[in-house]
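Protein chains: 2
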Amino acid sequence: MDDEDLLKLDNQICFAVYACAREITKLYHPLLQPLGLTYTQYIALLALWEKDGVTVKELGRRLYLDSGTLTPLLKKLETSGYLTRTRDPEDERNVRIELTPQGRSLKRQACAIPEKLFVQAGVTAEEAANVHGQMMELLRRIHRQDEA
Amino acid sequence: MDDEDLLKLDNQICFAVYACAREITKLYHPLLQPLGLTYTQYIALLALWEKDGVTVKELGRRLYLDSGTLTPLLKKLETSGYLTRTRDPEDERNVRIELTPQGRSLKRQACAIPEKLFVQAGVTAEEAANVHGQMMELLRRIHRQDEA
DNA sequence: CCAAATTAAATTTTATACAATTTAATTGTA
DNA sequence: TACAATTAAATTGTATAAAATTTAATTTGG
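Listed in order, the protein sequences are those of chains A and B.
Mapping of the first sequence onto UniProt numbering: position 100 corresponds to residue 100, and the numbering continues sequentially without gaps.
Mapping of the second sequence onto UniProt numbering: position 24 corresponds to residue 24, and the numbering continues sequentially without gaps.
Some hints here could point you the wrong way.
Copies of the same chain look alike in the list, so a pair counts if it works inside one copy or between any two.
As the list claims (entries may be wrong) - Here are the computed lysine to aspartate or glutamate pairs in the EDC-like style, where the Cα-Cα straight-line distance is at most 20 Å:
| hint | residue 1 | residue 2 |
| --- | --- | --- |
| 1 | K8 | E126 |
| 2 | K57 | D91 |
| 3 | K51 | D88 |
| 4 | K26 | E137 |
| 5 | K75 | E92 |
| 6 | K107 | D66 |
| 7 | K76 | D66 |
| 8 | K57 | E78 |
| 9 | K51 | E78 |
| 10 | K8 | E127 |
Worth flagging that the hints you see were computed from the coordinates, not collected in a lab.
Sequences are here, hints too, so could you generate the full structure?
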């Protein structure tokens with residue numbers, strides 16, 4: 001394969017993931033708007049519903065996001081009353097994120113979202129699992145390279 | 001499967017695509033920096049190297065991006081001397097994008113990028129084709145739903 | 001013990017993204 | 001032909017993202 005084709009193939013693969021991610025985000029928009037959440041805020045809350053009381057660093061590691069993105073996002077969610085940000089007295093460099101009762105109760109409303117989304121996108125369980133596996137494999141490999 | 005599990009699955013799949021797209025962008029950064037290009041600018045140029053003389057609308061359709069994103073991006077590439085933006089005399093609502101000789105010559109430098117990236121990410125041709133197929137299939141399906 | 005190195009957040013800067021609105025040009029139709 | 005509807009870009013406002021820098025706290029080596 002020559003450079004010309006490689007440039008096209010490259011375009012197709014990386015671009016496909018990139019465009020797909022944006023289209024997924026757009027699909028979420030009408031479902032998240034009634035809750036007053038953006039997609040990134042929803043992703044952050046999903047992580048916190050599974051485990052909160054974590055530091056910004058730890059949350060960022062799980063979401064592949066750094067403080068430059070998380071700090072303003074978490075401040076917004078704090079203003080909305082969904083979580084608290086507290087300096088850890090043990091080590092004041094760390095900021096711990098705790099969900100408030102309102103933050104926890106949002107989960108009940110969010111539970112309706114995935115089903116709506118799967119139906120809307122017409123994605124089967126097999127396809128979902130397949131895509132998930134492949135993306136995670138690629139993600140891990142890329143991230144390792146990215147760190148090195 | 002209960003709502004709780006659905007929420008987790010949803011989290012995993014959509015998040016995997018979303019995080020993967022961002023990690024890919026980061027992987028490109030050191031390769032694009034010497035050319036003075038961002039990832040989105042690179043993607044736009046890839047599309048234009050395949051076919052230029054198109055309207056902003058047509059380019060946006062191919063990239064899944066709207067004028068809100070493309071207008072400032074194309075203005076930057078125009079300032080850099082890589083393309084021209086001209087109102088179509090036939091229909092002045094349309095703005096046509098044409099590559100300049102400098103814009104075309106950038107392609108030769110960009111030819112080295114895909115190979116470097118594949119090697120760096122350790123992605124095989126099979127895996128690449130597999131991921132690509134799945135993403136395009138998902139992309140098409142989601143986009144159809146998104147339009148409806 | 002203490003200065004240097006390290007670490008975690010926050011901040012700053014630049015560049016996307018996209019929804020919603022506006023502007024200007026064109027088209028369709030009564 | 002007027003004029004409403006449609007269309008393409010541009011603009012506006014909000015929210016990400018990430019690189020680079022800064023600040024403050026902690027750790028570590030001499």
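Now the hints, each set against the structure:
When the C-alpha separation of K8 and E126 is checked against a cutoff of 20 Å, the pair qualifies only between copies, where the shortest distance is 16 Å, while the shortest distance within a copy is 29 Å. In this assembly of identical chains, K57 and D91 lie within 20 Å of each other by CA distance solely inside one copy; the values are 13 Å within and 53 Å between copies. For the homomeric pair K51 and D88, the shortest alpha-carbon distance inside one copy (17 Å) is at most 20 Å, but the shortest distance between copies (55 Å) is not. Taking identical chains as interchangeable, the C-alpha atoms of K26 and E137 lie at most 20 Å apart only when they sit on different chains, with a minimum of 17 Å there against 24 Å within one chain.
For a Cα distance limit of 20 Å, the shortest separation of K75 from E92 inside one copy, 18 Å, qualifies, whereas the shortest one across copies, 45 Å, does not. Taking the shortest Cα distances, K107 and D66 never come within 20 Å of each other, neither inside one copy (24 Å) nor across copies (32 Å). Proximity of K76 and D66 under a CA criterion of 20 Å is satisfied intra-copy only: 16 Å inside one chain copy versus 27 Å between copies. Proximity of K57 to E78 under the C-alpha cut-off of 20 Å is restricted to the intra-copy arrangement: shortest distance 17 Å within a copy versus 39 Å between copies.
For the identical chains of this complex, K51 and E78 are intra-copy neighbours only, at 17 Å inside a copy versus 47 Å across copies, given an alpha-carbon limit of 20 Å. For the homomeric pair K8 and E127, the shortest alpha-carbon distance between copies (16 Å) is at most 20 Å, but the shortest distance inside one copy (26 Å) is not.
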